[in-house]
Amino acid sequence: MSDRDRTLAPESGPIRDFQAPSVIAESLDNGLKIKVARSPQVPVVTVSLVLDAGEDLLGAEKAGLAVLTGDSLEEGTSRWSGGELAEQLENNGTGLSIDTDWDCTTISLSCLAGRLDTVLEILAEVVLNPLFPADEVSRLVGQKLALIEQRKMNPGSVATDGMRKMVYGDMPYGRPLGGTEESLASMNPELITNFWKERYVPGGSGLVVAGDVDMSEIKDLATRCFSDWEGSVDRQSSPTPEATQNQGKIFLIDRPGSVQSEIRIGHVGQPRETDDYFPLIVANTILGGAFTSRLNANLREKNGFTYGVRSSFQFRRGAGPWGVSTAVGTDVTADAVKAAVFEVEKFVSEGPSEEEMESSRDYIAGVFPLRFETTDHITSHVVNTLVYGLPDDYYQSHREKVRMVTSEDVRQAVKRCIRPDEMTIVVVGDAENVKTSLLALGWGELEILE
Amino acid sequence: MASIPVEQITLDNGLRVNLSPDSNTPIVAVNLWYGVGSRNERPGKTGFAHLFEHMMFEGSLNIPKGVHWELVERAGGSMNASTWFDRTNYFETLPSHHLELALWLESDRMGWMLPAITQEKLENQRNVVINEKRQRYDNQPYGDWGEKIQAMVYPKSHPYHHTVIGSMEDIEGSTLEDVSDFFKTFYVPNNAVLTVCGDFDPATGRKLIQKHFGDIPKGGAIPEIPGEPNLARLIGETKREHVEGDVPLPRVIMAFRIPSYTEHGFYPADVASSILGSGRSSRLYDSLVRKKRIAKDVASFVFPLTTGAGMLMVWATGLPDGSVDDLESVLSEEIEKMSSVRDEEISRVIALTETSFIRQIEQVGERADLLSMFSQFFDDPNRLNSEVERLCSVSSRDVETFTSDFLGEDNRAVLTYMPGGDS
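If you read the protein sequences in the order shown, they are chains R and Z. Counted the way the numbering used here counts, the first sequence spans residues 623 to 1072. Counted the way the numbering used here counts, the second sequence spans residues 281 to 703.
A couple of the hints might just be wrong.
[Said to hold, decoys possible] Dumping the calculated DSS-like pairs for lysine-lysine here, alpha-carbon to alpha-carbon at most 27 Å: (1) R:968 - R:1057; (2) R:774 - Z:572; (3) R:924 - Z:345; (4) R:684 - R:841; (5) Z:572 - R:766; (6) R:968 - Z:345.
[Claimed, not checked] Derived, one-sided and incomplete: chain R residues facing chain Z with beta-carbon distance under 8 Å: (7) 628; (8) 629; (9) 717; (10) 720; (11) 733; (12) 859.
Everything labelled a hint here was simulated from the structure, so no lab data went into it. The beta carbon of each residue, even a glycine, is placed where N, CA and C say it ideally should be.
So that you can see chain R by itself, here it is in the shape it has in the complex:
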């Protein structure tokens, strides 16, 4: 054994083919789409009901209404009070996870396969017959206002919220997803009920099931649970942001005594439907998506400024933000901003190396099977195809599309979609200690906010 050469990485073994589970699609007469992803031999089933009920089309005065409506579903139905509903679910070893984002509301649960019938009936009761009792709604609003208080003192949340506001201004993406103190103060059961009537309808919604199940079984079950449901929603187009506001400015949000500075750098990004989607996920892996990315190599592994730094495109129906995010020691704040801006500018002007292209394509393609390991991974992918209008076999060709991305594709996409001149910077930290060095960067106008 000892004469073996340890210096060389071992050859890989024979590759085993992996296919994303195929998706069978049908729909009920009322328009509810049904998608089943069969995943044999697993004891758990995951169900997601996805509704066209996101935050992105709501005006400022209704900010947070979609989130509140989703969360209020658990506060009682014609059959059960909120407490009884929780018992029904938990006696069956499950619980609802209700997730509302800009694009949609997704209600999911996972249960042992033998309990699917019972559990799906409970889910239908929650979606079709919620009561939104006034006192429970006001309690939820109180909890959300408390959450806003918590976010105000969390430097990471302050930075993220600040960045959204600076980049998007009064557009929906510029506010916190869950709404504001002003908008929440005006919430009431009537508003919620109207939103529910308008958006919680089968036409435009989808039921996704992953597990050891087949379509005929699911269709029978869905028919029994959801065939009385009526209505449909006409999707309006998502808000299209103008150019990034506050370009070339640094906003320093003062947090006296802060031992770190939270840094956000970014601008308006791209919608999910962009033609540059695949080049951009490769590009982001290289710039700030992977641990070995340029940003992390510089700010963490070379300089020790931070525990970690990431960049990301938030692909939504509309153009979500692109940006860099990190938290660094107070004394190195300006150095870290400089290093991050340097890496972004360098990447945009030089593009990727062939070696980076190869390793990031290998990473994204290779990591693919890991993203389909569990039934809730699988349903979340299928939900994405519904929300973003992707074909049912979308994930079958995903790796092929990643492998076809060239360095020139990345170079062009990055030039189009990452624009250093348009960036805004938000820093949350001890202004007294960081303002001079931030000004000295000469990067842009500095505004200090309390």
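Keeping the supplied structure of chain R fixed, place chain Z upon it in accordance with the hints.
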């Protein structure tokens, strides 16, 4: 219950190995538990186990700095590590044809890490860790709760008295010699468990493991845990600390010393914790959030620790105008009421636990981690298959007895936070 196959072997150098094949998805998990955590740190050297976990990613004899991550990411794998009171774990999940890559990487740093360490790497990772501490603890509201609770529940002489992240001063004072001593002492095959779980052929797996780990020399005996690991069953009083300062909302955290994870008495504690705080039908949610409306959120959990005693915690975060006294008195009431538990509450908790356990072991990485844990703590990876049964065997009577033995005022640490005061 669960029927996860596992084959155990022990190499000549003492490395315990678990092999658990499953060809459902073409991915494989490689998981290593080293029997070293913050409990093994000596006074003045707190935070070392975690700092040295970071050093494990800085390269080894045949793998330059950064290359470990590069190779695993390039292979389409995910990886990380974590340090806890009783152990440090390292793990990769990757497409199964790259199994040997992970074994090579892990074996190189187990056997040949020391030749590669430098002062520069140590300084770099010291800065990273200091920033980790700032980001996760110092710069967060309530970020010091763990430190304060541990210090109340465990006496100064006990190895759980200090936190895993440790003190900045100690971290700043670490030297290359410390790193070297620590690795020679603890990062040895006879102090580790290696689990391979997922899509691989066991015969090939055995051969590859022997090839990569077989020639790592056995280390010395592992030193005893410093301080006084043995503890009185109870804290002996109600200890309290009140913090007024930079927090947004009132919060009360209560902690109790409980039997260690290696004792059968741990399971009633686990069930009690779930009855109190798991899910929306739990007692604390129903009382403090839904009915009395004095809390924004509640939680309860146990730390399954193995040295002397574990810990059960409950916590409640109040609303903006609320008081910690109200929160504490209702928490106390609910804890007292645990002297009577209904069978249906037990069945509900078991149903919830069963689903979450099965969902957890659906993932090869999680399954591998549990197998390593059961080997490290119990010398029996097969315990994974009977873990839920141990919970199912807990009766309402057991929980009631646990309540009267452990949840009294003579075994309590109370930490309260109020907004305001000096920031």
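The hints, checked one at a time:
1. R:968 - R:1057: holds (25 Å)
2. R:774 - Z:572: holds (26 Å)
3. R:924 - Z:345: holds (11 Å)
4. R:684 - R:841: violated (36 Å)
5. Z:572 - R:766: Holds, at about 17 Å.
6. R:968 - Z:345: Satisfied, since the Cα-Cα distance of roughly 23 Å is no more than 27 Å.
7. 628: holds (5 Å)
8. 629: holds (5 Å)
9. 717: holds (6 Å)
10. 720: With a closest approach of 12 Å, the residue 720 (chain R) hint is violated.
11. 733: This hint holds: residue 733 (chain R) lies near chain Z, its Cβ roughly 6 Å from the closest one there, short of 8 Å.
12. 859: violated (36 Å)
In summary, the numbered hints that this structure violates are 4, 10 and 12.
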